[in-house]
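Engineer: Sequence:
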Amino acid sequence: ENKPSLAAWLAVKDNPYICGQFLWTGIDYLGEARAWPARSSPDGFLDLAAFPKPAFYFRKSLWNPAPMVKIIPDARGTLTCYTNCDTVAFSQNGKPLGTESLPQSRTLRVPGDPANGPITAVATQNGKSVATDTFTTSGPPTQIVLHQYKTALGPGDGPNVAQIELTLRDAHGTPSRDADNDITVSIQNWNKWNTAASRDNEITVAHSFNRAINGKLLGIESGDNRSHENYQAPHHKAFHGRLLLYIETHGPITVTAATPGLPPATLDLP
1 ENKPSLAAWL
11 AVKDNPYICG
21 QFLWTGIDYL
31 GEARAWPARS
41 SPDGFLDLAA
51 FPKPAFYFRK
61 SLWNPAPMVK
71 IIPDARGTLT
81 CYTNCDTVAF
91 SQNGKPLGTE
101 SLPQSRTLRV
111 PGDPANGPIT
121 AVATQNGKSV
131 ATDTFTTSGP
141 PTQIVLHQYK
151 TALGPGDGPN
161 VAQIELTLRD
171 AHGTPSRDAD
181 NDITVSIQNW
191 NKWNTAASRD
201 NEITVAHSFN
211 RAINGKLLGI
221 ESGDNRSHEN
231 YQAPHHKAFH
241 GRLLLYIETH
251 GPITVTAATP
261 GLPPATLDLP
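The opening position of the sequence shown corresponds to residue 1 in this note's numbering, with each subsequent residue numbered one higher.
Hints are computed from structural coordinates only; laboratory data are not their basis.
Any given hint might turn out to be false.
DEER-style ranges, computed between Cβ atoms [to be verified]:
(1) Pro16 x Gly261: 56 to 62 Å
(2) Gly251 x Asn93: 46 to 52 Å
(3) His172 x Val12: 37 to 43 Å
Think of the CB as a built atom: it goes at the ideal place given N, C-alpha and C, for glycine as much as any other residue.
Using the sequences and the accompanying hints, generate a full structural model.
Structural biologist: Here it is, written out as structure tokens:
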């Protein structure tokens with residue numbers, strides 16, 4: 001079991017007699033929380049919702065063979081840049097901020113203040129631009145976005161379990177990183193005509209005749225190490241503007257997410 005330090009990785013990379021390393025751990029997990037009110041180990045590269053943490057991008061810069069560059073905000077409000085390329089040129093509002101070579105620490109500090117506009121990083125390898133990333137500050141949330149990004153194995157291995165990422169975004173479509181809205185999730189059977197009027201009718205029929213709903217909410221995870229909300233409750237506070245919904249499906253359903261002051265969002269799962 002190795003420490004996740006750069007030195008520990010370089011010992012593997014630079015010595016052919018070391019075949020690899022074992023890192024504890026890839027993802028945060030419940031238990032070994034160390035100090036209240038934490039509820040999980042904080043050492044993962046992914047949080048409890050499997051959302052990437054800053055360390056994820058640092059390891060990606062070490063392990064990923066494809067050119068990459070990523071600007072990450074830290075707790076102090078400054079920006080850090082990770083890359084696996086030779087140099088990174090920074091600019092803001094079209095004006096150059098300087099070019100930095102990859103140091104031995106493999107961590108770049110980003111010049112400029114993001115409050116003054118988006119900051120772009122362009123990574124170069126062998127004199128060619130091969131990767132780019134832009135960091136933009138975010139405003140208060142104006143919309144909820146639902147995106148299904150993974151479904152578990154289907155019949156024969158138990159029910160389908162859809163994993164749905166919920167993101168609160170500002171007026172420009174940027175993820176609202178400071179948003180902590182309390183989100184309520186509901187599930188209705190999906191009507192095959194897929195119109196607002198027919199969906200309302202389907203919901204009415206389902207309630208009127210006690211018709212079984214084709215799915216159920218299994219849990220909501222924010223990734224917040226200090227959250228003690230009921231995992232299976234139909235509402236949860238967002239963390240950094242995000243949530244992960246786990247939904248069991250037995251047939252077509254519509255998932256609705258709502259919070260006071262914003263339009264609700266819906267996602268149909270066939």
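Engineer: Evaluate each hint against the coordinates.
Structural biologist: So, going through the hints one by one against the coordinates:
Taking 56 to 62 Å as the suggested C-beta distance range, the pair Pro16 and Gly261 conforms, at roughly 59 Å. Our hint of 46 to 52 Å for Gly251 and Asn93 holds, since their Cβ atoms are close to 50 Å apart. The hinted window of 37 to 43 Å between His172 and Val12 holds, with their beta carbons roughly 42 Å apart.
No hint from the list above goes unmet by this structure.
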